[in-house]
Structure formats: C-alpha cells, structure tokens
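Enquirer: Listed below, chain by chain, are the residues.
There are 2 protein chains.
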Amino acid sequence: MTTAKQWVLASRPDGAPTVENFRFEEVELPELSDGQILVENTFASVDPYMRGRMNDVKSYIEPFQIDEPLTGTAVGVVTESRSNKFKTGDTVRHFAGWRTHAVLSEDQAEQIDTNLAPAEAYLGILGQTGLTAYVGLTAVGEMREGDVVFISGAAGAVGSVAGQIAKHLGAAKVIGSAGSPEKVDYLTGIGYDEAFNYKDGDVNGQLAKAAPDGVDVYFDNVGGDHLEAAIQNANTFGRIAMCGAIAQYNDTEPAPGPRNLGLSIGKCLTLRGFVVGQYTHLAKEFQEKIAPLVVDGSIKYASTVREGIENMPSAFLELFEGGNTGKMIVKF
Amino acid sequence: MTTAKQWVLASRPDGAPTVENFRFEEVELPELSDGQILVENTFASVDPYMRGRMNDVKSYIEPFQIDEPLTGTAVGVVTESRSNKFKTGDTVRHFAGWRTHAVLSEDQAEQIDTNLAPAEAYLGILGQTGLTAYVGLTAVGEMREGDVVFISGAAGAVGSVAGQIAKHLGAAKVIGSAGSPEKVDYLTGIGYDEAFNYKDGDVNGQLAKAAPDGVDVYFDNVGGDHLEAAIQNANTFGRIAMCGAIAQYNDTEPAPGPRNLGLSIGKCLTLRGFVVGQYTHLAKEFQEKIAPLVVDGSIKYASTVREGIENMPSAFLELFEGGNTGKMIVKF
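If you're matching them up, the sequences are chains A and B in order. Once you know that position 91 of the first sequence is 91 in UniProt numbering, the rest is easy, because the numbers rise by one and skip nothing. Once you know that position 221 of the second sequence is 221 in UniProt numbering, the rest is easy, because the numbers rise by one and skip nothing.
Hints were generated in silico from the structure; no laboratory data involved. Please read these numbers as outputs of a predicted model, since none were measured by experiment. Some hints could be false.
Chain A is nowhere near these chain B residues, computed Cβ spacing over 12 Å in every case [what the hints assert, rightly or not]:
| # | residue |
| --- | --- |
| 1 | Gly35 |
| 2 | Ser59 |
| 3 | Asp67 |
| 4 | Leu169 |
| 5 | Ala172 |
| 6 | Thr188 |
| 7 | Asp213 |
| 8 | Asp220 |
| 9 | Asp251 |
Below are the DSS-like pairs computed for lysine-lysine, each with C-alpha atoms no more than 25 Å apart in a straight line [stated by the list, open to error]:
| # | chain 1 | residue 1 | chain 2 | residue 2 |
| --- | --- | --- | --- | --- |
| 10 | A | Lys300 | A | Lys289 |
| 11 | A | Lys58 | B | Lys209 |
| 12 | A | Lys209 | B | Lys58 |
| 13 | B | Lys167 | B | Lys284 |
| 14 | B | Lys58 | B | Lys173 |
| 15 | A | Lys58 | A | Lys167 |
C-beta: ideal position from N, C-alpha, C; glycine also.
Using the sequences plus the hints, can you model the full thing?
Expert: Shown next, in the form of structure tokens:
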C-alpha cells in the first residue's frame with residue numbers, strides 16, 4: 001500500500017487567496033489495476049490560471065472541488081507499472097500535480113526525454129507554456145514579419161518565451177513590461193529590444209516612448225492599464241491577443257474593461273481571447289518550429305524553483321506578487 | 001452669383017449636443033471653374049458618426065471645424081456644369097451635405113440612377129450604410145451559415161439592413177434589439193426571427209431567452225450593456241463586430257469597457273472594431289451580391305424623413321433619442 005501526500009482545496013478564496021485555502025493531507029493509494037502506473041512526482045507546476053479554478057465558476061476548465069486534491073501539470077518517475085507502455089524508471093509528464101504520488105491510467109501520462117532537456121523545460125517552454133506563447137503570437141495575434149510587438153508580464157513563463165519567438169518570427173521590435181529592474185535586465189538579456197518597469201508608473205507613456213511607431217501586436221498577460229495602453233498606442237488593424245489578466249484575478253468585483261475600447265472602432269483593432277486548449281492542433285507545428293530552438297539554446301528560458309511540496313501553496317501565491325522570473329516550479 | 005444656405009459648427013458640445021452648437025448662415029458661392037459643377041441638394045444624411053466629428057479629436061475622420069460648414073453624404077441635382085462628366089439635370093451623390101448648394105469638382109460627385117431606386121436609398125442602403133452592414137457581418141464578424149446573430153440598434157439604418165443580410169447569408173437565427181414596441185414589430189416584419197425592447201430592462205436576460213443556444217456573431221451598434229450581454233451569451237469562438245457605440249457618444253468621461261471582457265479569454269472570443277472606410281475594396285462585392293436584392297425588394301429598408309434644411313440639426317439630435325427607424329434623412 002502506497003501513501004501519498006496531497007494538497008486539497010480547503011475553502012474558496014474571496015479576493016486574494018491565502019495558504020488557509022489549502023490543506024495538506026495524507027491518503028492511501030489503491031493497488032494498481034491492469035494498464036495503470038504508479039508515479040512518484042519530482043516537479044510540479046503552479047500557474048496563474050489555477051486561480052480561476054479556485055472559484056466555483058464554470059469556465060473552460062473545471063473548478064477545483066472542496067476537499068478534493070488539486071491538479072496541474074507535473075513530472076515524475078514511474079515506480080511501478082502494470083502497463084505495457086511504461087516501465088519502472090521512465091520519466092513522464094501528466095496532470096496529477098499537487099501530490100507526491102499518483103496512480104494513473106497509461107493514457108494519462110506521456111513519456112519525456114530528460115536527456116534532451118531538463119524536466120523543468122517539459123513543465124514550461126516545451127509544454128503548454130511554450131505552446132501558449134507560440135499560439136498567442138501566430139494564430140491569435142496574427143503576427144507578421146516587421147510588426148512591432150508589445151508583451152506584458154514579459155518576464156513570466158509565457159511572456160519570456162513569447163518575446164523570443166516574436167524575434168525569431170521576424171518582429172521589427174519587441175517591447176516587454178515587467179515589475180522590477182532585475183526583470184527588465186533579464187528581458188533585454190534574452191533578446192527583448194526594449195523593456196520597462198511598469199512599477200515606475202505611466203504605462204501608457206512608457207509604452208508610447210518605447211514604440212514611437214505604434215504597436216501592431218500586443219500579447220496581454222496582465223489586463224488593466226496595460227491593455228488600455230496597448231489600445232491607445234495600437235496602429236490601425238492592430239491585434240491584441242488576450243491570454244491572461246493576472247492583475248485582475250483576485251478582484252472580488254468584475255473589473256471594468258478598458259475605458260478606451262471605443263478607439264478599437266476607428267483603429268479597426270482586433271482583440272482576441274484564447275486558451276491554449278483550443279489550439280492543441282498547433283502543437284506539432286510548435287514542436288517542429290520552436291522546440292529545436294529551445295534544445296539548441298537559441299531560445300532561452302528561466303525557471304524559478306521552490307523546494308518542497310509543503311511550500312507549493314506559497315509558491316503559487318508568489319505568482320501574484322511577481323515572485324517568479326520565467327516558469328514557477330516546485331521541486332519535490 | 002449663387003447664394004447657398006449652410007450649417008456651420010458654432011461650438012463644440014460638452015456631452016449631449018444641442019441646436020446651439022449649430023449656426024445657419026448664408027454664403028455666396030464662387031463662379032464655376034473648368035471641371036466643376038454646381039449642385040442643388042435635395043436630400044442629406046444625418047448619422048451617429050457625425051457626433052464624433054463635433055469633438056476636436058483626431059480620429060479616422062477629420063473633426064468638424066468651428067465656423068466651417070459641416071459635411072456628410074447628400075444627394076442633389078446638377079444645375080450648372082463646366083464638366084464633361086456631368087450635365088445639367090443629372091442626379092449625383094457627394095459629401096457636401098448640410099447646405100443647399102455646393103460647387104464641386106467633377107471627381108467629388110458620382111452619378112446615381114433614381115429610376116433604379118429612390119434618392120433616399122443612395123444615402124443609405126445602397127451607400128455606406130448598406131456596405132457597413134455587409135462588411136460588419138462578413139469581413140469583420142466572419143459570419144458563417146448556421147450562426148446565431150445578434151444585432152443591437154437593429155431598427156437603425158445599419159442594423160435594419162444587417163439583420164436582413166444575415167438571413168440572406170444563411171444565419172440560423174437573427175435577433176435584434178431596439179428601443180420601442182413599434183420598432184420591435186418593425187424588426188419582425190422585415191425578417192428578424194426575434195426582437196426585444198431593451199427599454200424593458202435586463203438586456204442580458206432578454207438576450208439569453210432569445211438565444212438559448214448562445215450567440216455566434218454580435219453586430220454592435222450600441223456598446224454598454226448590450227456589449228456585456230453579448231459577451232455573456234457568446235459561444236466559444238464567438239465574434240463581435242464593433243461598429244458603433246451610440247449609447248456612449250455623448251459621455252463626457254470615457255465609458256468603462258465591458259466588465260466581463262475577461263470572459264473573452266476562456267471563450268476565445270474575437271472583438272473587432274471597424275470603420276467602413278477601411279473596407280471600400282468590398283464595395284464591388286456588395287454591389288453584386290446585395291444591391292440587386294434591394295432593387296428587387298427582397299431586402300427592405302426604411303427611412304425616417306424630416307423636411308427642411310432648417311431642421312437638420314434637430315433631425316441629427318433625434319438620432320440619440322432613437323427618433324429614427326432606418327436611415328434618418330432630411331429632405332430639402
């Protein structure tokens with residue numbers, strides 16, 4: 001009999017979540033049936049979108065349930081197998097995060113090659129994170145060679161990749177915003193042409209200065225004043241890929257939309273929301289075009305790693321304070 | 001020497017415009033030069049977009065200038081010609097509205113055939129109005145056969161045409177909102193499948209009831225609560241063509257955007273603003289596909305006609321109170 005430790009949802013947050021919304025507990029796992037594997041997790045991902053799942057609201061993904069274990073992407077090692085697809089010692093990626101061990105059916109896991117790239121990469125740039133960046137720029141933002149591209153939350157997991165992909169796709173200029181001088185330096189270090197610290201204030205003015213010829217594509221991870229600034233500085237037929245709005249995830253009242261949305265009419269702007277789950281048909285294209293650039297080091301990525309499954313909720317909460325550069329990962 | 005009476009901008013409105021913002025004056029017109037024509041106007045159009053031109057704000061179209069005559073689409077008869085392109089008695093459409101007579105160069109006017117359709121039609125359904133409706137549904141809203149289409153300001157000049165075009169393009173259901181029981185009856189009379197009176201309140205609830213299977217395309221002429229209701233009821237990959245926001249044109253403070261814009265992410269919605277001037281390359285397609293349906297009576301149109309150039313400002317102001325069904329036109 002294997003014992004697992006896991007995080008369950010203790011209560012739903014009203015506004016900003018706290019560690020009190022999570023409860024750590026021990027459970028006994030069932031014996032394996034045919035076709036199942038036992039996985040011991042080594043890394044797990046915490047992501048901004050999980051905030052939405054803490055609310056009891058129907059969305060594109062099921063909400064977390066009270067007293068039920070949380071889920072999310074994780075990497076682990078197969079320690080027992082009754083599947084012909086996997087053998088003991090295989091490293092796999094799956095969705096049963098937030099726990100030390102999981103019993104999975106063989107179709108719930110996929111093997112990954114940690115000789116090609118480290119496990120962290122499979123949680124981020126080679127996974128949904130990288131695909132999100134790629135899809136947001138291409139299918140959603142319809143980026144074209146020569147475009148001026150602006151990315152908010154640029155030092156985050158998606159943003160840091162999106163900026164580099166934009167350069168590889170021929171953007172004339174890539175501008176990023178982030179929340180500290182260190183992150184601004186990080187951005188120019190990985191290939192952003194310009195970057196600014198939104199905490200210096202006047203996002204609109206800073207963007208106008210960085211983009212004197214206007215913005216053609218805006219990749220929005222933030223919402224709020226960043227979205228307004230992008231609309232204000234957008235060129236005619238500009239495109240806005242709405243990927244996330246972390247500035248508003250903890251609001252208890254619905255946040256007002258951009259006050260200058262009316263400008264989209266005269267400027268013929270397109271604002272398009274997306275979730276990567278609707279664009280998985282582009283995963284193959286991403287693997288062929290972008291993954292090799294990650295493996296050969298042309299596209300760089302960063303992870304912020306916190307140690308110990310017991311610290312997983314606090315690592316998650318750090319996301320809302322900008323505690324991460326690149327992907328936030330917990331190492332068990 | 002010909003004398004013309006014309007409306008000039010006396011002052012810029014702060015909030016809702018009044019007749020005091022306009023001044024009626026008499027001017028002497030110059031003698032014709034080679035290539036010029038003198039036109040006596042018979043009909044002129046007043047349109048919601050003119051409200052934006054009363055502000056001193058750079059936009060997709062030049063603002064009106066203080067003490068200068070207003071402009072807009074008009075129809076008139078050539079009374080004198082020094083052009084080989086036009087002869088006395090020709091009926092033409094041009095942009096020198098808001099005045100009794102105009103001296104135009106020959107490339108500023110186009111001949112129209114009032115045997116095919118009455119002059120009013122050329123100011124509306126066979127002009128920019130019809131093209132706006134067509135472009136908004138097709139190139140902007142990417143309407144497909146089988147879509148559920150919702151149109152606000154549906155009894156207005158653009159909306160009343162858009163609903164009929166949507167049916168002709170194979171919409172599964174076309175729903176309209178308007179501001180009186182008479183307009184609601186008008187809509188169902190011209191082919192809308194369902195219509196409701198937004199003044200009855202709860203636009204979101206009324207739309208949800210009319211569109212139990214959700215909305216695929218929303219043609220927005222109104223903004224405000226209608227836009228929020230459309231986002232709320234939109235299906236995944238729904239499209240919103242933002243054509244106008246008459247509910248907000250007289251606001252002195254920037255109106256907040258839709259509070260539920262965040263839903264566009266999970267629903268993968270596209271919101272796309274447009275002005276017809278950026279889509280004139282589709283005018284030929286419109287003339288071929290839609291104009292014949294107007295001429296043969298398959299697509300109906302209404303005009304609200306006010307008499308006398310001296311009443312032109314008040315006819316314009318009526319637009320903001322929903323005084324019109326279909327195109328608002330002034331007959332001189």
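Enquirer: Does each hint hold? Answer for all of them.
Expert: Comparing the hints with the structure gives:
1. Gly35: Gly35 of chain B is indeed farther than 12 Å from all Cβ atoms of chain A, at 33 Å.
2. Ser59: violated, 5 Å
3. Asp67: holds, 25 Å
4. Leu169: Given a closest Cβ separation of 21 Å, the condition holds.
5. Ala172: holds, 22 Å
6. Thr188: holds, 29 Å
7. Asp213: Its Cβ never comes within 12 Å of chain A, the nearest being 16 Å, so this holds.
8. Asp220: The claim breaks: Asp220 of chain B does not keep its Cβ more than 12 Å from every Cβ of chain A (closest is about 9 Å).
9. Asp251: At about 9 Å from chain A, Asp251 of chain B fails to clear the 12 Å cut-off, so the statement is violated.
10. A:Lys300 / A:Lys289: holds, 15 Å
11. A:Lys58 / B:Lys209: Satisfied, since the Cα-Cα distance of roughly 19 Å is no more than 25 Å.
12. A:Lys209 / B:Lys58: holds, 20 Å
13. B:Lys167 / B:Lys284: Cα-Cα ~20 Å, so holds.
14. B:Lys58 / B:Lys173: With Cα atoms ~38 Å apart, Lys58 of chain B and Lys173 of chain B exceed 25 Å; violated.
15. A:Lys58 / A:Lys167: Distance ~37 Å between Lys58 of chain A and Lys167 of chain A Cα, so the pair is violated.
Checked against the numbered hints given earlier, this structure breaks hints 2, 8, 9, 14, 15; the rest are met.
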